[in-house]
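With the hints in hand, could you dock these two chains into one complex?
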Amino acid sequence: MIAELGLAALWLAAALALLQFGCGMLAMRGSEGMAALVRPVAVVQGVLVTLAFVCLLEVFRVTDLSVALVAENSHVAKPLMYKIAGAWGNHEGSMLLWVTVLGLCGAGVALIERRLAPPALMATLGAQAAIALGFYAFLLIASNPFARLNPAPAEGAGLNPLLQDPGLAFHPPTLYFGYVGLSIAFSFAVGALLTGEVGPAFARAMRPWVLGAWIFLTLGITAGSYWAYYELGWGGWWFWDPVENASLMPWLAATALLHSVTVVATRDGLRAWTVMLAVVAFSMSMVGTFLVRSGILTSVHAFAVDPTRGSFILGLLVLYIGGALTLFALRVGTVREGSRFDPVSREGALVLNNLLLSAILGIVLIGTLYPLGVEAVTGEKLSVGPPYFNSAAGPLALGLVAVMAVGPLLRWRRDDLAPLARRLALPVALSLIALAAVLALLGPIGVMPLLGLALAVGVGAASLAPLWGRSLRRTPLFTWGMVVAHVGVAVSLAGMASETAFTRETLAAARLGETLSVGPYAVTIRSVAPVAGPNWTAIEGTFVARRGEGSAFALNPQARTFSRPPTQTSEAAIATRLDGQLYVVLGPQAEDGRWQVRLWWKPFVTLIWLGGAMVAVGGALSLIGRVLRERRAREALA
Amino acid sequence: MKRVVIWAPVVLFALFLGMAVFRLSNPGSTDVPSRLVGQRLPAFALAPAAPGKPGLATADLAGKPRLLNVFASWCVPCAAESPQLLALKQAGVEIDAIAIRDRPADVADFLRRFGDPYTKIGSDPESQVQLALGSSGVPESFIIDAKGVIRHQHIGDIRPEDVTDILRRIEAAR
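Those sequence lines, one after another, are chains D and H. If you read the first sequence in the working numbering, its first letter stands for residue 1, the second for the next number, and so on. If you read the second sequence in the working numbering, its first letter stands for residue 1, the second for the next number, and so on.
In isolation and in its complexed conformation, chain H is listed as follows (with noise of 0.2 Å):
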């Protein structure tokens, strides 16, 4: 018995170093996943991000799959992947959006100087809908299936080497 007090020490030290060294070896990101994958949408209706451009409501998100892009016209990462989108639209991706605390004039500026995939943009002053979307920063990225189910979340931008991957699994919506 005494013997066994006496080694604790050493093997709780030992346990605590197996995870030092798994954690070491591992490092772990620091995204964070939404727990909305493989759930419906959260219901929300969003005004006009930009002049001329429509709003976006859950409703209008069903019929066919599409990509749902969280962006921002001040978020440098958000231009860096704007000829990846457009190339997403080139194969016939329909993309939507939503700006996040946005402000109209800048919105249109950023699409008349990155390109315009997108079909509508809901604005999303106080990140609301963001954060009920279980997204926790700008540019991510939803596929959402005909039904409104959200089947995958890109977070970060969509590097040219994503590109077929969104395309197979926009198809595997289907």
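Pulled out of the complex, with its shape left as it was, chain D reads as follows (with noise of 0.2 Å):
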């Protein structure tokens, strides 16, 4: 019953979407009559496919055995946690989460948006409900969640055991809320295209919900890379695997639209290239669905492969962004030039973020659909890896940074070079020192990594310049967003700096008794024993670390067996200390007794995260400050 409400609430929602899209074009031609009907109509559209989500949810959540895709993706003997989880670590319910945000994103449109123009407005509320469209055209013909399986199974197939973890039950969903967020940015820009009103009133309008997107992704990332540092077992935490990349793209293309929307905002300049991003950020999101769903790249990430699926979704691509390129390339001319700027200006290191946001991009997007280019040409198998990614983009990422330590400190519109050297003499002072004390004190590292720690160094000090000499108690909140969100960059880059110079690894076959060392650590493994979890059975490995003389403390890692479906997994343990982690995994037993043991020492690993979530928080100082400051100058008007 419930599964069937939640079908019936799917298509309700569907026929919804086809109203609203259908009013808004008239609306927006001028018909007062169906704009009055537009914003409640996106309201319910979004109540009724969260309703619908909810429904799978519930079904989830009892283990209702005779809808199929609880029966492949659940299990009777799962912790609750995962069984609710479960409804969106598969593809049906993944891609339902999906549109239910984009209903959400559309309703909060509806109910919140009262800057854009009325046109506008109707074009973008008519633009988000023709993707909606599609993609409830997707799941109804293509992927039901809500199918039933007759007979009905007695247990269950069981989640994929790497998705039980509550990493899993946070890490899509965020990423969904930034991925699919991103969808108002697109209808905002599409919306503007048809009105051709593009200018401050639209980019103030526009600028919040980019950055709400844009906290969600940073978080999904961040929480998503950390996750598959210490769920899988390789110590790594960002490992340019395809699907990494299908998230980090809409990321670079975010960060630099909620750069160059401010351009808008503040002065008034950058409007196409504006308007271009803000249609590559949400198609960016919609190919990596696409690789993601079609399986046409290979990852460690087992999605469900299904060729139909894929060119379902590619029809959807060829109608939203070749639509909207389209669009753009014919009615970019309506939008007029915005105003002049010189190069040494707030705008102008905008605008070289902007470029190497975009190379990055393009570098990223060339690395991952390369290995398909060159199969299609030559029919050759090869896989693009770290070497490239790491080696092209680097240099690029460091030159933003550096223009990231730059830009705050320059005025808008026209400065001097006299001045900003006067205020960039300290960073760059602290950043050389930084330099020589790494190369005095550590010995000689990697030229990357030790660049990267002498800027981040400057760049910390030159984020916080802003505040010198500012009643730190007047400081605009969003100011503080952008400041903490910088420093929250430097953090993390020292983070991948130190863990990428300074990680010790032991790779060793250890009897038990036998100590080893791995950086300032002396690890002795113990013994090893079985043990048993509700769904799973592992052996477990008791180690003992200590360092120098202070106090020794335990640490068990596991090696875990799921029997639905059955699966090997392995539990690193990881002790986290001011200075880094020690990092143990346990593995096989060899044939003469020995356990497989990796230890690794990463020294301030936990800046690469603490740097992530600083950069969200700060989006989201940012976003907060940003709103109470419209709110108070409304009230003010009224």
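In short, the hints are calculated from the structure, not lab data. Misleading hints may appear alongside valid ones.
[Stated by the list, open to error] Ranges between beta-carbon positions, derived for each pair: (1) D:Ala154 x H:Ser136: 33 to 39 Å; (2) H:Ser25 x D:Arg634: 33 to 39 Å; (3) H:Glu171 x D:Leu396: 54 to 60 Å; (4) H:Gly115 x D:Val377: 44 to 50 Å; (5) H:Leu167 x D:Ser383: 31 to 37 Å; (6) H:Ile155 x D:Ser563: 44 to 50 Å; (7) D:Glu591 x H:Ala132: 54 to 60 Å; (8) D:Thr308 x H:Arg3: 26 to 32 Å; (9) H:Trp74 x D:Asn144: 36 to 42 Å.
Cβ atoms here follow ideal geometry from the backbone N, Cα and C, with glycine treated the same way.
What follows is the structure, given as structure tokens:
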């Protein structure tokens, strides 16, 4: 019954999306009666699709095995949290989450948005409905999450054990809010192209939505990186896997958009470019979804691969991305050129920021698609790995971080180099001191991590510069947001550089009682014993680690065996200290009775995710600051 | 000039579409072919994998064309291909094998249950020779000519319909 209710709600939501699209287009051309209808329809559509998603959560919560999706992806003996998380840990459920977020975004715009001119708003909501329609069709025709199974099986096949982790409960939904939140920017851009209204008002209206989606994307990527780090047991935090790239590309585009939209809002420059970026950002989300869901790229993320579904999503890409890019090419002439500015200015730095971000986006996109292109042309199979991405994108990323340090210290419109040099003197000096200190105290390390560490110090200092000499209490919240986010980038960069340069690794086959050393730690393997959990059994090692003369502590890595589906996972034991993490993985036993053990000491690795979280918090402060200021401005007018 | 720039994103997107359509209409296989096909066998000398059966070294694989079967007692498709191997043996093909990550008792049990088409079986407990051969899984079979050159790699289990093809290739390797 619940499943049928969910399906009915989904069909109704699809019908309302059609209505919303039609009314939106008519309203844009001036039909006032239609205009009155669009907002309520968008809200009800959001409510209905949310109801469908809640129904899916409910059938997973009670493990209704007569629903095919539950039978294939859940199991009666699974902990409740993973039963619920299982609702989006599969193709159909995650696509339903996709349209749910899409519907909620549309409802959000309909409820909150008051700044946009009425025709532009109608066009925006119409475009949002057009996107939703395609994905409703995809769900209802090719991926029905509520399909019944007759007869119902007794216990269900289970969820991929790698996904039975708290990280999974939050990572995909967070990422989806980011991916799909960008649809609003896309719809705004389409609306602007249709009505020709691009200017500060459009940019100010779009900015909070972009910022909101970007915060979720940042959090999702940061959480995903940490999840891969501790759950996959490889000790790495970024693998340049196609699916990771699929989440990075929208983030890069959204970061560029976030900065260019500020130029439009403040100085009315970069109009056409900003519209283009808004189209590109959500296009990257859709391309990412396509790459992940069609299985045309080989990835460690084993998603259900289905060429029919791939063709369906590809059709949607042609419609939406192809349509929007063509619309851009045809209509961009109507977007008047914005105001001009000097190369040495805040705008100039933001343009450089945008160029570097776009270049990095291009590098990641080319690297991700290159194997596909080569196979299409020569038939040869290859994969593109970290050496390409690191050496191509790394230097640009360092350059980008340097620009990030300079940008906020520049005035809008035009500035002079001499005062800028004075403002930058201290950060540059700090960078050079850090460079010398690292070389003197820690010895020679790779060029990139060395530059990274030195830059992180200087950029951290320069990012605080906008606060120098200001009353901290009077500093607007969005300035605080920028400072926190930029310092977060420096913190994350320091973590990445430190992890790359100073990680110590010990791989050994060890007998019980043997002591291994890794970095400053001596680690003794005490015992290995079987343990059991709700739906798994494991062998658990007891390791005792001691740093110099410090007190000893125990670490318990496990090699888990899940019964449904039969899979083995490695649960690393990680001890977090202020200056880094000790990471222990227990491998299989060799024939001679020795255990394969991997130990890592990763100095300051936690800064990577701390920095990522700071970037997201900075975004949130900025968003709150903007919203509060606008509310005050409105109240002052009223 | 400006017109070109404006239409560039559309063109790039069309390029992407072309690749995606190509890939969707030609789903790639996940087989990993060995780069050693056409080259000499790497040098190895493996201990016996089962009691009473000799081990296997590179020097043994010369003189006449033969089949080198990479298998394991724990591998179900390996059991499924055993009737085809026996048929090949019947047809006069000499078959040697490498047992991957296996135990002598298990290999002996496997031969008892599914038949023994093998002349020699080398034990490769850490997959080292398997990797040197460029084999990424079990079962795989290599056709080795009289000079010890790998002529062909068959990935996956040998099905009944593959038998004549393998016989033909062995004949061609003479």
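**Request:** For the range 44 to 50 Å, tell me whether the beta carbons of Ile155 (chain H) and Ser563 (chain D) fit it or not.
**Result:** 30 Å, violated
**Message:** Quick check: does the Cβ-Cβ distance between Ser25 (chain H) and Arg634 (chain D) fall within 33 to 39 Å?
**Reply:** 55 Å, violated
**Prompt:** In this structure, is the beta-carbon distance linking Ala154 (chain D) and Ser136 (chain H) contained in 33 to 39 Å?
**Reply:** Taking Cβ atoms as reference, Ala154 (chain D) and Ser136 (chain H) lie about 37 Å apart, which means the hint holds.
**Message:** Against the range 26 to 32 Å, how does the distance between the Cβ atoms of Thr308 (chain D) and Arg3 (chain H) compare: consistent or not?
**Reply:** 38 Å, violated
**Prompt:** Would you say the C-beta atoms of Trp74 (chain H) and Asn144 (chain D) sit inside 36 to 42 Å of each other?
**Reply:** 39 Å, holds
**Message:** Against the range 31 to 37 Å, how does the distance between the Cβ atoms of Leu167 (chain H) and Ser383 (chain D) compare: consistent or not?
**Reply:** 36 Å, holds
**Item:** 54 to 60 Å as the expected CB spacing between Ala132 (chain H) and Glu591 (chain D), which holds or is violated
**Value:** Since Glu591 (chain D) and Ala132 (chain H) have Cβ atoms about 20 Å apart, the given range 54 to 60 Å is violated.
**Asked** Is 44 to 50 Å right for how far apart the beta carbons of Gly115 (chain H) and Val377 (chain D) are?
**Response** The hint (44 to 50 Å, Cβ to Cβ) holds, given that Gly115 (chain H) and Val377 (chain D) are roughly 46 Å apart.
**Request:** Just tell me: holds or violated, for the beta carbon distance of Glu171 (chain H) and Leu396 (chain D) against 54 to 60 Å?
**Result:** 58 Å, holds
This entry does not satisfy hints 2, 6, 7, 8, going by the numbered hints stated previously.
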